[in-house]
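Residue numbers (our numbering), protein chains in the order written: chain A, 224 to 535; chain W, 21 to 277; chain U, 198 to 431.
Since the hints were derived computationally from the structure, they do not count as laboratory data. Treat the hints loosely; a few may be bogus.
[As the list claims (entries may be wrong)] Covered stretches of chain U, going by a simulated chain W footprint (3 or more residues, C-beta under 8 Å): (1) 244–256; (2) 401–410.
[To be verified] Keeping only pairs whose Cα atoms sit at most 20 Å apart, straight-line, the calculated SDA-like set for lysine to any residue is: (3) A/LYS352 x A/LYS522; (4) A/LYS522 x W/TYR110; (5) A/LYS367 x A/ASP485; (6) A/LYS451 x W/ALA39; (7) A/LYS283 x W/ALA39; (8) A/LYS273 x A/LYS352; (9) U/LYS224 x A/LYS522; (10) A/LYS273 x W/GLY43; (11) U/LYS224 x A/SER441; (12) A/LYS457 x U/ASP220; (13) A/LYS392 x U/ASP220; (14) A/LYS451 x W/GLN212.
In this text the structure is predicted, and so the values were computed from the model without any measurement. Glycine residues also receive a C-beta, built at the ideal position from the N, C-alpha and C atoms.
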Amino acid sequence: MKTKLVALAAVATALTMGVSGCGSSSSSSGSKGDGTIASQMIFGGPPEFKTRPDGIPGLKKNYDVSFGKYTVTDVGGPVTVNALKRGQVDAADLFTTDPSIAANDFVILEDPKSNFAAQNVVPIITKSKATDGVKQVINGIQGKLTTEVLGGLLGKVVNDKADPADVAKGFLSDNGLDTTGTAAKGQSLTVGSANFPENVILGEIYAQALEAQGATISKKMNIGARPKYWESLKQGSIDLFPEYTGSILVYIDKNSTATSPDDVYAALGKALPSNLVALDQADAQDSDAIVVTKETADKFKLKTIADLAKKG
Amino acid sequence: MIGDVFNWLTDPSHWTSTAFDTGIWDQLLAHIGFTLIALAISLVIALPLGLWIGHTGKATWIISVANAARALPTVGVLVLLVVIIAPHFYGRTNNGYLIPTEIVLVLLAVPPILSNTYAGVQNVEPSVRDAAFGMGMTGPQVLFRVELPNSLPLIFSGFRSATLQVIATATIAAYVTLGGLGRFIYDGLAQQDYPQMISGGLLVAALALIADLLLALVQRYTVSRGITGRTRRQDRGSRGPDSRTAVLTEELVSEAT
Amino acid sequence: MTALIPLASASSSPWHFFAYFMDNTSKVLGLLWAHTWLSVVPVVIALILALPLGWLARRYQWAYPPMMSLTGLLYTIPSIALFVLVPPILGLDPLSPLQVPIALTLYSLALLVRVVADGLAAVPQETAQAATALGYKPLGLFFRVELPIAVPVIAAGLRVAVVANVSIVTVAGTIGFKNLGQLFDEGFKLSTDTPYYPPIVLGIILCVLLALALDGLVLLGSRMLTPWRRAVRA
Numbered sequence: 224m225k226t227k228l229v230a231l232a233a234v235a236t237a238l239t240m241g242v243s244g245c246g247s248s249s250s251s252s253g254s255k256g257d258g259t260i261a262s263q264m265i266f267g268g269p270p271e272f273k274t275r276p277d278g279i280p281g282l283k284k285n286y287d288v289s290f291g292k293y294t295v296t297d298v299g300g301p302v303t304v305n306a307l308k309r310g311q312v313d314a315a316d317l318f319t320t321d322p323s324i325a326a327n328d329f330v331i332l333e334d335p336k337s338n339f340a341a342q343n344v345v346p347i348i349t350k351s352k353a354t355d356g357v358k359q360v361i362n363g364i365q366g367k368l369t370t371e372v373l374g375g376l377l378g379k380v381v382n383d384k385a386d387p388a389d390v391a392k393g394f395l396s397d398n399g400l401d402t403t404g405t406a407a408k409g410q411s412l413t414v415g416s417a418n419f420p421e422n423v424i425l426g427e428i429y430a431q432a433l434e435a436q437g438a439t440i441s442k443k444m445n446i447g448a449r450p451k452y453w454e455s456l457k458q459g460s461i462d463l464f465p466e467y468t469g470s471i472l473v474y475i476d477k478n479s480t481a482t483s484p485d486d487v488y489a490a491l492g493k494a495l496p497s498n499l500v501a502l503d504q505a506d507a508q509d510s511d512a513i514v515v516t517k518e519t520a521d522k523f524k525l526k527t528i529a530d531l532a533k534k535g
Numbered sequence: 021m022i023g024d025v026f027n028w029l030t031d032p033s034h035w036t037s038t039a040f041d042t043g044i045w046d047q048l049l050a051h052i053g054f055t056l057i058a059l060a061i062s063l064v065i066a067l068p069l070g071l072w073i074g075h076t077g078k079a080t081w082i083i084s085v086a087n088a089a090r091a092l093p094t095v096g097v098l099v100l101l102v103v104i105i106a107p108h109f110y111g112r113t114n115n116g117y118l119i120p121t122e123i124v125l126v127l128l129a130v131p132p133i134l135s136n137t138y139a140g141v142q143n144v145e146p147s148v149r150d151a152a153f154g155m156g157m158t159g160p161q162v163l164f165r166v167e168l169p170n171s172l173p174l175i176f177s178g179f180r181s182a183t184l185q186v187i188a189t190a191t192i193a194a195y196v197t198l199g200g201l202g203r204f205i206y207d208g209l210a211q212q213d214y215p216q217m218i219s220g221g222l223l224v225a226a227l228a229l230i231a232d233l234l235l236a237l238v239q240r241y242t243v244s245r246g247i248t249g250r251t252r253r254q255d256r257g258s259r260g261p262d263s264r265t266a267v268l269t270e271e272l273v274s275e276a277t
Numbered sequence: 198m199t200a201l202i203p204l205a206s207a208s209s210s211p212w213h214f215f216a217y218f219m220d221n222t223s224k225v226l227g228l229l230w231a232h233t234w235l236s237v238v239p240v241v242i243a244l245i246l247a248l249p250l251g252w253l254a255r256r257y258q259w260a261y262p263p264m265m266s267l268t269g270l271l272y273t274i275p276s277i278a279l280f281v282l283v284p285p286i287l288g289l290d291p292l293s294p295l296q297v298p299i300a301l302t303l304y305s306l307a308l309l310v311r312v313v314a315d316g317l318a319a320v321p322q323e324t325a326q327a328a329t330a331l332g333y334k335p336l337g338l339f340f341r342v343e344l345p346i347a348v349p350v351i352a353a354g355l356r357v358a359v360v361a362n363v364s365i366v367t368v369a370g371t372i373g374f375k376n377l378g379q380l381f382d383e384g385f386k387l388s389t390d391t392p393y394y395p396p397i398v399l400g401i402i403l404c405v406l407l408a409l410a411l412d413g414l415v416l417l418g419s420r421m422l423t424p425w426r427r428a429v430r431a
């Protein structure tokens, strides 16, 4: 009996030793070794960046950049930032409004060939709910949203840990958008947002402004990623959602080639299902960006994404 | 949909790894790796501790604490450990995420092994124990020659329950950048590749079933026939591939009756 | 811009979970309520379904092995996979608030069918025979003799199911469902530069308290339903 147990334990230990090496690696090695800077790098980004047209395939097509390895992190969140900061990855996919880019001295590589399409903030709304009054309220907000303003609002949540609802309230009162009125009276809307802080702030801004104008609002904040909420938006269980022109366009139409803000906005108008409509796009952009640390940028003299394809 | 899942699973390119995509074989190995590390550590902690507590009757509060630990929310503990531990690792290492994940898995696996080992030793009939002492056996001899073999069925049940929980929960490694079969579930969800996501779920379920069948076989050949033949209720529990619930109810029945 | 009033919860110390709670009382209570609902209702529905199924498995020997294999199989599917699989299988809106309770009901059912069957199996045969001799019809025998005797075992199963549910519900929180799991997601997302402990610690504390409270309630209910056990002990 005892010997059997000992033997079992030995087998288990041997197995553990044998596979623990494999257990700790999330993606296998196997660089092409074509000598480019990118081929020596590990890239960190969300799962969908691997397959998205403007993700890894787009970088290959537009800049002939292919990274040596890919580590799945998160959607421009703390995992990606920390992986880059601590050297787990060498380059990463982050969002341009992210306050941690400046905080950590990260360098955004320029994108001269517009691999990343314009990503202006745009509210997507159910057509039947888009009355003139509702449009007027939301488009008034859109006019005030610039990239700097959005970055500032985001900083309050991410750095000062303020509640997104309070940050939204502050924005509305600072811009005189919180006046009570009757522009949206009699309307009832469900406002949603994805589960990252910036999107929650935007959802709160829309919801609170409409509420001040007499609408009956129910909120569905912090819904997961796009696949989770898009169906609900299409089916009308959510009426209003803050979106980004480029991402939502590519999501609906995988073959879209538009890149400039106006082209993307126009293409989005055509691509949306007939029951949904895009209101005015804001100046504020929150685009994907390829980001490296300052040390990496200095070491390889990187300024644009194209530099990654040079021999290192 | 079923056809798509079948096609995804039978596509040979999904089984092997490339520079960018880790294939099913490698993720399967990673998943087994997470599981074995967690189970090995848990066994080393829980088995001696459970035997000692059952044999001596001391410190039974540890059993209650371990059982109360089941109330800890797995995801919360994982996130807490990640934000504490991950910042201390620099460079090309996953240890900042691997260590928290393993701690969480060990926390899951220890309670069933510990409480079943303890219950197994406790349930040895006093007359049997007395007879062993009467034959002149020393304390350790009674523990290893009488109490341990007699409690093996319950220990195995606990271990199988722990194995199933660890295999199912190791999917959350993917939530914190690691590999394993959970990668297909999270990636499939993010990439709208539902066949990939469903395949991931099926692969985890298949791994759990196979692991449990293997353990059932091992149990059949290590547990003395004299013991399995005598207690019918335990025998039924060890038969099917469904010991996770079997174990729970076995514990409960012994507790409640 | 008017400066926002600095919030007490802006402190990242783990010990400031209470300040965080005070600053976000209504939000946290809302999450706690949703969490409680998600932890309790599926178990109740599962119990109602498990009683006839467990009885069947006990009554007809042939039904036992396939039923146990099926429920055991169900329990090996990781919860995150089950959450996302339920809507396409049942044709629900992917955001339907029903998918999490349905998945949890399936898990609890898997556990409770076996508990009910085994609890009924633990009823001594002489007892059932005596009751039959006294004139109990099968239905009366089940509800007035077998079921009450099986209460302690079933209650023990309920305790396991409820405590497990409290933990599984948090997994749904990380994919956007309203419950205490969102506190973990929030803490994780705001832990970019330094760890932001308060929501994470608060979430863990509330989950544990909820699990212990529900566990205690089931125990209490079981004691009240089986007064004879106390009598024997005293």
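Cross-check of the supplied hints:
Under the rule that three or more residues need a Cβ within less than 8 Å of chain W, the assignment of the stretch 244–256 of chain U is violated, with 0 such residues. Counting residues of the stretch 401–410 of chain U whose beta-carbon sits less than 8 Å from any beta-carbon of chain W gives 5, enough to reach three: the coverage restraint holds. Only pairs whose Cα atoms come within 20 Å are accepted, and A/LYS352 paired with A/LYS522 is rejected, the gap being roughly 54 Å. For the hint linking A/LYS522 to W/TYR110, the alpha-carbon distance of about 19 Å falls within 20 Å, and the restraint holds.
Annotation: proposed proximity of A/LYS367 to A/ASP485 holds, straight-line Cα distance about 18 Å (limit 20 Å). Proposed proximity of A/LYS451 and W/ALA39 is contradicted: the alpha carbons are some 29 Å apart, above 20 Å. Annotation: proposed proximity of A/LYS283 to W/ALA39 holds, straight-line Cα distance about 14 Å (limit 20 Å). In summary, the hint linking A/LYS273 to A/LYS352 is not supported, as the alpha carbons are separated by about 36 Å, beyond the 20 Å threshold.
Distance check on the hinted pair: U/LYS224 and A/LYS522 sit about 47 Å apart at the alpha-carbon level, beyond 20 Å; violated. Taking the CA atoms of A/LYS273 and W/GLY43, the gap is about 14 Å. The hint holds against a cut of 20 Å. At most 20 Å may separate the alpha-carbon atoms for a hinted pair to count; U/LYS224 and A/SER441 meet this at roughly 14 Å. Annotation: proposed proximity of A/LYS457 to U/ASP220 is violated, straight-line Cα distance about 35 Å (limit 20 Å).
The straight-line distance between the Cα atoms of A/LYS392 and U/ASP220 is roughly 16 Å, inside the 20 Å bound, and the hint therefore holds. This hinted pair checks out: A/LYS451 and W/GLN212 have alpha carbons roughly 10 Å apart, not beyond 20 Å.
Hints 1, 3, 6, 8, 9 and 12, counting from the list given before, are not met by this structure.
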